[in-house]
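Q: These are the residues of each chain, in order.
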Amino acid sequence: MTMTSCKDLLRRVGLVTLLALAAGCTAIQSNPLAGVPGLGPRAVDARTLLTPQILAQVNRPYLLVIRDKTDFATTFAFEGENPPVRTWFDGNRTSLSISRLGLIVRTAGLGRDLMTADVAGTEAALRRGGEATTVRRVHRLLDGNDNVVATAYACQIEPIDPTAITLPTGTFQTFLIEESCADAAGHSFQNSYWVDLKTGSLRQSRQWISPEVGTLTLQVLHD
Amino acid sequence: MLQSRHAFRSRVSRPVMRRAAAALALLCWPLPPTATAQSLAELAGLANRPTLTFSGSPGIVDMPSAFMSPDGDLSFSASYFAGITRTSINFQIAPRLSGSFRYTAFDNYFPNRDSNGVTTYYDRSFDLRYQILTEGRIRPALTVGLIDFAGTGRLSSEYLVASKTLGAGVTVTGGLGFGRLGTRNGFENPLTGLDDRFATRPGNVAGDRTGRANFNSLFRGDAALFGGVTWQATPKLTLLAEYSSDDYADEVRRGLLDDGTPYNFGASYKVTPTLDLGAYALRGQDFGVRLSYTINPAVPPRDNGIGPGPAPIRVRGAAALPAFPQTPDAGAALQSQLQADLAADGLVLEAFDLTATAVRVRIRNTDYNRAAQAVGRTARHLTRLMPAPVETFVIELSERGLPTSATTLRRSLLEAAEFDPFALERTYQAARVGGPADIGPASPFIQPSPLGFDISGYFNRSFFDPRKPLLFDAGVAVDVAYEPRPGIIASFGLQQPLVSNRDATDRVSNSVLPKVRSETDNYYQSKDLRLPYATLAYYFRPGSTTYGRVTAGLLEQAYAGASAELLWKPDGSRLAYGVEVNAVRQRQPGTLADLGTGVYDTQTVTGHVSAYYDFSGDWLAQLDVGRYLAGDNGATLTLSRDFDNGVQVGAFATLTDTSFDDFGEGAFDKGIFISLPTSYLTGRPSRGARNLVIRPVLRDGGARVFVRDRLYPLVRDSDAQAVNDSWGRFLR
Numbered sequence: 001m002t003m004t005s006c007k008d009l010l011r012r013v014g015l016v017t018l019l020a021l022a023a024g025c026t027a028i029q030s031n032p033l034a035g036v037p038g039l040g041p042r043a044v045d046a047r048t049l050l051t052p053q054i055l056a057q058v059n060r061p062y063l064l065v066i067r068d069k070t071d072f073a074t075t076f077a078f079e080g081e082n083p084p085v086r087t088w089f090d091g092n093r094t095s096l097s098i099s100r101l102g103l104i105v106r107t108a109g110l111g112r113d114l115m116t117a118d119v120a121g122t123e124a125a126l127r128r129g130g131e132a133t134t135v136r137r138v139h140r141l142l143d144g145n146d147n148v149v150a151t152a153y154a155c156q157i158e159p160i161d162p163t164a165i166t167l168p169t170g171t172f173q174t175f176l177i178e179e180s181c182a183d184a185a186g187h188s189f190q191n192s193y194w195v196d197l198k199t200g201s202l203r204q205s206r207q208w209i210s211p212e213v214g215t216l217t218l219q220v221l222h223d
Numbered sequence: 001m002l003q004s005r006h007a008f009r010s011r012v013s014r015p016v017m018r019r020a021a022a023a024l025a026l027l028c029w030p031l032p033p034t035a036t037a038q039s040l041a042e043l044a045g046l047a048n049r050p051t052l053t054f055s056g057s058p059g060i061v062d063m064p065s066a067f068m069s070p071d072g073d074l075s076f077s078a079s080y081f082a083g084i085t086r087t088s089i090n091f092q093i094a095p096r097l098s099g100s101f102r103y104t105a106f107d108n109y110f111p112n113r114d115s116n117g118v119t120t121y122y123d124r125s126f127d128l129r130y131q132i133l134t135e136g137r138i139r140p141a142l143t144v145g146l147i148d149f150a151g152t153g154r155l156s157s158e159y160l161v162a163s164k165t166l167g168a169g170v171t172v173t174g175g176l177g178f179g180r181l182g183t184r185n186g187f188e189n190p191l192t193g194l195d196d197r198f199a200t201r202p203g204n205v206a207g208d209r210t211g212r213a214n215f216n217s218l219f220r221g222d223a224a225l226f227g228g229v230t231w232q233a234t235p236k237l238t239l240l241a242e243y244s245s246d247d248y249a250d251e252v253r254r255g256l257l258d259d260g261t262p263y264n265f266g267a268s269y270k271v272t273p274t275l276d277l278g279a280y281a282l283r284g285q286d287f288g289v290r291l292s293y294t295i296n297p298a299v300p301p302r303d304n305g306i307g308p309g310p311a312p313i314r315v316r317g318a319a320a321l322p323a324f325p326q327t328p329d330a331g332a333a334l335q336s337q338l339q340a341d342l343a344a345d346g347l348v349l350e351a352f353d354l355t356a357t358a359v360r361v362r363i364r365n366t367d368y369n370r371a372a373q374a375v376g377r378t379a380r381h382l383t384r385l386m387p388a389p390v391e392t393f394v395i396e397l398s399e400r401g402l403p404t405s406a407t408t409l410r411r412s413l414l415e416a417a418e419f420d421p422f423a424l425e426r427t428y429q430a431a432r433v434g435g436p437a438d439i440g441p442a443s444p445f446i447q448p449s450p451l452g453f454d455i456s457g458y459f460n461r462s463f464f465d466p467r468k469p470l471l472f473d474a475g476v477a478v479d480v481a482y483e484p485r486p487g488i489i490a491s492f493g494l495q496q497p498l499v500s501n502r503d504a505t506d507r508v509s510n511s512v513l514p515k516v517r518s519e520t521d522n523y524y525q526s527k528d529l530r531l532p533y534a535t536l537a538y539y540f541r542p543g544s545t546t547y548g549r550v551t552a553g554l555l556e557q558a559y560a561g562a563s564a565e566l567l568w569k570p571d572g573s574r575l576a577y578g579v580e581v582n583a584v585r586q587r588q589p590g591t592l593a594d595l596g597t598g599v600y601d602t603q604t605v606t607g608h609v610s611a612y613y614d615f616s617g618d619w620l621a622q623l624d625v626g627r628y629l630a631g632d633n634g635a636t637l638t639l640s641r642d643f644d645n646g647v648q649v650g651a652f653a654t655l656t657d658t659s660f661d662d663f664g665e666g667a668f669d670k671g672i673f674i675s676l677p678t679s680y681l682t683g684r685p686s687r688g689a690r691n692l693v694i695r696p697v698l699r700d701g702g703a704r705v706f707v708r709d710r711l712y713p714l715v716r717d718s719d720a721q722a723v724n725d726s727w728g729r730f731l732r
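Those sequence lines, one after another, are chains A and B.
Using our numbering, the letters of the first sequence map in sequence onto residues 1 to 223.
Using our numbering, the letters of the second sequence map in sequence onto residues 1 to 732.
Just chain A, same shape as in the assembly (with noise of 0.2 Å):
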């Protein structure tokens, strides 16, 4: 990215203090995107950044993610691989890793991270195409006292419809597979996946983490 249009960034972001462009700039420097809303808690929501122009200058693959608990959005890039999950970070140096096909199996930073996560059979019944079925999904979470508490789910995988969605960076042919999880208490919560008809992962998906990060919406604009 070049200097001017970091500047260009900055401008519509409303930064006006030499130590904002300096920081600004050199995190958008190393990681398009990524780093502009990194600047703190106050950072603009990064939809409001994702300008054509800005799209059409990142060619390597990136994340929109949105916490819905907050309704703020912020980039993510791509940071290292164990195959078949990568890793993600935004400019906070939050970090997501996400399966191949896409699926949330840690986060780190958001605050009641999940640690890990078995979501082999979700993984599975997505791949089939989404037939009606029930998996079991596991998420280990961390209590008070960093002691790990795992919770087993239930979870009702049932195909919903094909559905074009509308990203930033595009119209993409999705068909819409939905995950209905309950646990032995009753807790619940429901993840919903728009499976890329194309490439066959994951274009935009909803997908819970714990009680108090709540659920993420992640969309793909740009593999």
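A portion of the hints provided could be inaccurate.
[Stated by the list, open to error] Think about it this way: if two alpha-carbon atoms lie no more than 27 Å apart in a straight line, the pair counts; the simulated DSSO-like pairs of lysine-lysine are:
hint, chain 1, residue 1, chain 2, residue 2
1, B, Lys-270, B, Lys-236
2, B, Lys-515, B, Lys-527
3, A, Lys-69, B, Lys-270
4, B, Lys-468, B, Lys-670
5, B, Lys-468, B, Lys-515
6, A, Lys-69, B, Lys-236
[Stated by the list, open to error] So these bits of chain A aren't anywhere near chain B, every CB distance computed over 12 Å:
hint, residue
7, Leu-49
8, Thr-51
9, Ala-56
10, Val-58
11, Asn-59
12, Ala-73
13, Arg-128
14, Thr-133
15, Leu-142
16, Thr-166
17, Leu-167
18, Pro-168
19, Thr-169
20, Ser-180
21, Ser-192
22, Asp-223
No lab work stands behind these hints: they were computed from the structure.
Treat the numbers as computed from the prediction; the structure is a model and nothing was measured.
C-beta: ideal position from N, C-alpha, C; glycine also.
Given the structure of chain A, go ahead and fit chain B onto it with the hints provided.
A: For chain B alone, kept in the frame of chain A given last:
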């Protein structure tokens, strides 16, 4: 998966863990139905918090109930009615035991005492409550309580109370009170049948009885009945009504209150999960309010775990890695790259030793209050930089240059297990955690950035001066440390007071002992720049289970001299021993400029033998036996609830051969302390903590020198036990 929930707390040996692994995997399928995804607040049972009384402990308006707060709950309350202000701290010490400390101010209690202008009477009191029976489906909860059993006794009362939760959010409570709680419509003590002595309650003994338990008046004198009803009308609002057995006779006699009815009504409103407001109509004539702030150690007030995530593990084969350095220059370049990467995560590299297949690093952890998190982050950086043939990582943690633990990890396991659903269990079982093989100073050591510099605000306070309940001075503090090599530290601090009310008291020590602490106010009254400490310290490890420290210089605001300490803490043992000897002279109160004439002539030698015991279930006990500053001999017992996340609430008491009369107000030195880690409060990594020590006015008996960086807390934060116990954070 209850097994894994407790895995990191268990002290079973690793071979046993490994054998258990297979069984564990079987047990995990399917999960027992008890495992539920609960929020931290639900896990801690915060929805069942009982309403708090005027006095800050569970109850109705002014009367106690038999309910207990969720385990670990810590409440700070302030309440006011008719000129009586109560400030209290209530701590749920254990699921069935709670304690309260309260400071009550009675306005106009001494209307004619003009000599020093203080007409308010301040009273400290301490309560304990024990739940004899927990609530059952039909059985009510039953609790016995002692109020103000160790103070002036002005509020002293005892009670036995039963409470039951009915349907629709209603609870009913009925109890039998003694002492103050037996003053309205009192009747002959039912225990008189056992012994006639129960019929009368000894009055307050003349003279200063502060700090002494009034065991001979417990449950004596007239008894009376009290009771009440609460109704949780909405999730946030609870309505309260009670019949009180406290007639406030003393206050009425003094004209502070008028006679009133026994009926109190009120409402308690949860503004937020932590903040709770109460409004009350009391005795048919007064209006009262209460504000409570309640936290639970298991539920951080903010999201816990905010901040940069850890660097991803780099898998050999999938990513390019540096080649094995063939020249010293290449080795140095690799080392400085590692140093830079670690520094970004708040980790300081003290030693780096690379062989063909193994690497050993010594790490100073400046950011993470859980040891395993520092180990895990270091391991991740090693996977990103170490040449591919390097398979074994040995990660030592160090404190003040002392290696305290060594964790040995296999790189291929880290690569394979990173995203395994059982990643935490697998890494825990495979890691070897123990004492460091090489206990000497890091050799060759990496030059730490030798000059450390910190500017912060400071707030010195002392409580309960009879003239002014809070004396304080606050301002700017500068701390400078110079560390030419790990373990040798020269440091000093400066404090510039900006705000102070230290001159609000003119109290002169009336102590009959050498005035070793009772004139402590003198050290804080000047508003000039002062030098609270300036020391040279050396930390060393004489043996594989021992740690040593020598500190010399201006040890603290009031003492200068030398201090030496040895700690024996075997790996895997709950018991540790320490010995400390201090040869000190008292510093003269004064400022930085007065250093030349700084100390008094008399030298005192104090010393202690200490035993530390780390109970399971978050308890820590410390017993120090030895000689104190005034030449008195005795022992200090410190007992604290230590939560895994670093939250600490405890109490200490010192008894020496100084008589209670010679000691003066309070009878003996004692206090309570609360330590809240910054990481708990903010959710972000930090090794700092906010500490609050509440103790009566300092006297001269049972006094000790405050030496910075005593060994036990340092070692306990990062030794093998600490790494094992915090393994849940290994992946964070």
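Q: Confirm or reject each hint.
A: Verification of the hints:
1. Lys-270/B - Lys-236/B: holds (5 Å)
2. Lys-515/B - Lys-527/B: holds (23 Å)
3. Lys-69/A - Lys-270/B: holds (22 Å)
4. Lys-468/B - Lys-670/B: Given that 27 Å is the threshold and the Cα spacing comes to 20 Å, the pair holds.
5. Lys-468/B - Lys-515/B: holds (21 Å)
6. Lys-69/A - Lys-236/B: holds (22 Å)
7. Leu-49: Holds: least Cβ distance 21 Å, greater than 12 Å.
8. Thr-51: holds (28 Å)
9. Ala-56: holds (28 Å)
10. Val-58: Consistent with the label, Val-58/A stays out of reach of chain B, its closest Cβ about 21 Å off (over 12 Å).
11. Asn-59: holds (21 Å)
12. Ala-73: The claim stands: Ala-73/A keeps its Cβ more than 12 Å from every Cβ of chain B (closest is about 17 Å).
13. Arg-128: holds (20 Å)
14. Thr-133: Check passes; 17 Å lies beyond 12 Å.
15. Leu-142: violated (5 Å)
16. Thr-166: holds (30 Å)
17. Leu-167: holds (25 Å)
18. Pro-168: Answer for Pro-168/A: holds, closest chain B Cβ roughly 25 Å.
19. Thr-169: The claim stands: Thr-169/A keeps its Cβ more than 12 Å from every Cβ of chain B (closest is about 25 Å).
20. Ser-180: It holds; Ser-180/A is separated from chain B by about 14 Å at its closest Cβ, greater than 12 Å.
21. Ser-192: holds (19 Å)
22. Asp-223: Non-interface label stands for Asp-223/A: nearest chain B Cβ at 19 Å, farther than 12 Å.
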